[in-house]
Structures are given as structure tokens and as C-alpha cells.
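Visitor: These are the residues of each chain, in order.
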Amino acid sequence: MNFLAALHEQTHQTVHIDGRSIVLSRRPVGEHYRLRDCGRKLESEDPLEHLQAVFDYLEIAGIPQPEQILAADLASVLNTAIEINERIDLLPWQTTYLTESGKTKNTDYDNRELAIIIHTLAEAYHWSPETILNLPPEIAACYVQEIMLSEWQDREFSYTLSEAAYDEKGKYRPYPALSWVVEIAGPSEKEARGPVKRSMLPDGIVIDYEKEQNEIKANQDQ
Amino acid sequence: MRSKRIKINKQTYIIQPMNAKDGLEAIIKMAPFIEETAPYLAVLAHRRKQVRITALAKAAQANVDVPALLFDLISLGSTVPIEELEQMPLPDLLKLLKIIMRMNKWDALWKAAYSLRLVDEKKLAAWIWSSLVKQKVE
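Protein chains in written order, with our numbering: chain D, 1 to 222; chain P, 223 to 360.
No lab work stands behind these hints, which were simulated from the structure alone. For glycine and all other residues, C-beta sits at the position ideal for the given N, C-alpha and C. Mixed in with the good hints there might be a few duds.
Cβ pair distances, simulated, as ranges [claimed, not checked]:
(1) P:Lys280 x D:His12: 19 to 27 angstroms
(2) P:Ile350 x D:Gln65: 29 to 37 angstroms
(3) D:Pro129 x P:Pro254: 39 to 47 angstroms
(4) P:Pro254 x D:Trp152: 54 to 62 angstroms
(5) P:Pro254 x D:Asp37: 26 to 34 angstroms
(6) D:Glu183 x P:Pro254: 52 to 60 angstroms
(7) D:Ala115 x P:Ala282: 56 to 64 angstroms
(8) P:Pro254 x D:Ile82: 24 to 32 angstroms
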């Protein structure tokens, strides 16, 4: 995910329907979730439900009176609309936050992710739901992640000031990290260097100067 | 698109044009019947009367009600009352069906329905086989 690119990139494509040119652009977060919901219905086994989903999708994607499109153009227009609006990068909170334990809770409901976006942004920035629903979907997801991390840091700071953060011996007990935050380890020195061929290794005893110098330093410190 | 008036045997019928949604809905509704009736529909518009009679007889033997299917197909694309359809001879029914299919471009609708995965390959193949559009109606 590149925030700057998401902020400035304008995704749109022109479709030609019955001699008219219509510019389709990536829909904001509110409609993005409606499109996602519709996209699920496009997989329906019931052809009538599937057909309804096709026309609903086109309407939400910004095509006026989709039922008037020539049948021959329908598939290509739908493909363009899906291509423009498909979800590209999901942030960690979106992939794991809602299913932390892998189990469904009785507090879960359909499209809860959108409710989380509206609630989090409205609470933190005091934006109206209309403003939030008009944000690009990637931008909204980035803001929510930053708010969640910032809130966690605030909670961690308060925790360090409390007695609960230390055991009887005064040792610090770290504050539990967010389940979806994982440190990404880079390649180890050996991995970065790559394997050395046996034929290229030196013969005889290899003197590790680094190790020796460390030992000398340790002795000097004592 | 405006509705079209057609005259068959001094009788005028009004055919309503369909938009893409209604047309595709009609295709979805007719798709389940097409597979089983394709062999009979394929020869129903044959120029030789004997072939048509044999086709109908074979359909009756297989418990397939071809006139009922024709009524259904015509009803999907027009507002002609079923009582009137029942009075029509078979060649006129076929003529009416052919006009409805041409007017609403059912071939294009079938292709679109297949592209959108509303009908499967088997049903499309059955439709192409049974297609009455390209055949001459006496």
C-alpha cells in the first residue's frame, strides 16, 4: 500500500455504451462496500438473483439506467466496472481485526467493517458520516489503522504509569500488543550474504577476528 | 424502442420491446425448458409438413408439450393473451415467435446471458440447436 499514490491516484476509465461515452471512476468508501456486497451476489447460484446483482452493481458503479444498455455490451461494461472498483490492498486490521479468534461472535454483523470505519473516524476526527463515506476506500482504511495504533500507544503509556505494569520484583510486564501487529523480520545476515560454496571456503583453522575482539573488549570492561 | 404492431392472418398483435434486463430475465426463465425441448423445436419450423407432424408426435410421446412451450416463449416477449394464442395455428405461432425473437434480439441476449454466466454452456448449445430464427417459416 502506498498512501501517497492512493491519495492522488484517480482511477477512471471510459466506457462506450450505445454511442455514449461514460466515465467510470473508482467509487468512494460507502459505495465501495455496497459494490462488495453486490459482488458477493454476483456469485449467486440463482440466476435471477445474479441478474439483479449485475444491474445493481452497474447502477452503484455510476452507470445511469443500466437496464437500457444493449445486452451485447453488458458483460464488457460490467468487467470494466469490476476492474476499476476491485479491492487492491487490504491492511492488517481489515484482514485479522474482525476475525481475531477465527470464530464468529454474536456481536458480528454483515459489513461491520464499514461501521468500524465510520465509528472510528467520526470519534477521532469528528467528521460526519457523509464526509467519511466520500473518502477513497484505501485512505479511509489507512486513517483507521493509524487511529487504532495511536489509541494503543496511549493505552500502553497509561499502562506503564500504573502498578499493574510491574511484578513484585519491580520487573516490567509488557503491555499486550495488538493481535494484528506483527514485526516483519528482514533477512538474517547469513541469508543476506547467501550460501558460500564449500569449494570457496578457506582450508585449515579459521580465525574469527570479530569474536576475538569482542572477547578482548569484554575482558577490558571487567 | 416503441412497441410494434404486426398482422398475422388479418389479426393485429402488439409486441412490446424488452430492455436488456427484461430480456435476460426471459432467457433465464426459458433456459430450463430449452434443453429438453431443443430436439423438437429444431424441426418444428421445417418446411416439410410431415417433418413437423413427426416432431410433434415424438414430443407428445416424450411427454413434452411443445405448443405450451411456444405459448410460454411468446408470452415472455409479448402481451398477446393466452386465449388468443390457443386459437392460433402452429405456423402462425412460429411466425409470431420469430418476430418476437428478431425484435428483441434473442440471439444477442442468449450470448450476453452466457457471457454473464446466467446460463451454462449446455443450455446455450441447446438454444443454438433449437434456434428458430434462422429457419424459414412457411
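Visitor: When you take the CB atoms of Glu183 (chain D) and Pro254 (chain P), is the distance between them in 52 to 60 angstroms?
Guide: The hint (52 to 60 angstroms, Cβ to Cβ) holds, given that Glu183 (chain D) and Pro254 (chain P) are roughly 56 angstroms apart.
Visitor: Holds or violated: 54 to 62 angstroms for the Cβ distance of Pro254 (chain P) and Trp152 (chain D)?
Guide: holds (56 angstroms)
Visitor: Starting from the hint 19 to 27 angstroms, judge whether the C-beta atoms of Lys280 (chain P) and His12 (chain D) obey it.
Guide: Violated, since Lys280 (chain P) and His12 (chain D) (Cβ atoms, about 56 angstroms apart) do not stay within the stated range.
Visitor: At the C-beta level, are Ile350 (chain P) and Gln65 (chain D) separated by a distance inside 29 to 37 angstroms?
Guide: holds (30 angstroms)
Visitor: Between Pro254 (chain P) and Ile82 (chain D), does the beta-carbon spacing fit 24 to 32 angstroms?
Guide: holds (28 angstroms)
Visitor: For the pair Pro129 (chain D) and Pro254 (chain P), does the Cβ-Cβ distance stay inside 39 to 47 angstroms?
Guide: holds (45 angstroms)
Visitor: Can you tell me whether the CB distance of Ala115 (chain D) to Ala282 (chain P) sits inside 56 to 64 angstroms?
Guide: holds (60 angstroms)
Visitor: Between Pro254 (chain P) and Asp37 (chain D), is the Cβ distance one that fits in 26 to 34 angstroms?
Guide: Given about 28 angstroms between the Cβ atoms, the range holds.
Checked against the numbered hints given earlier, this structure breaks only hint 1.
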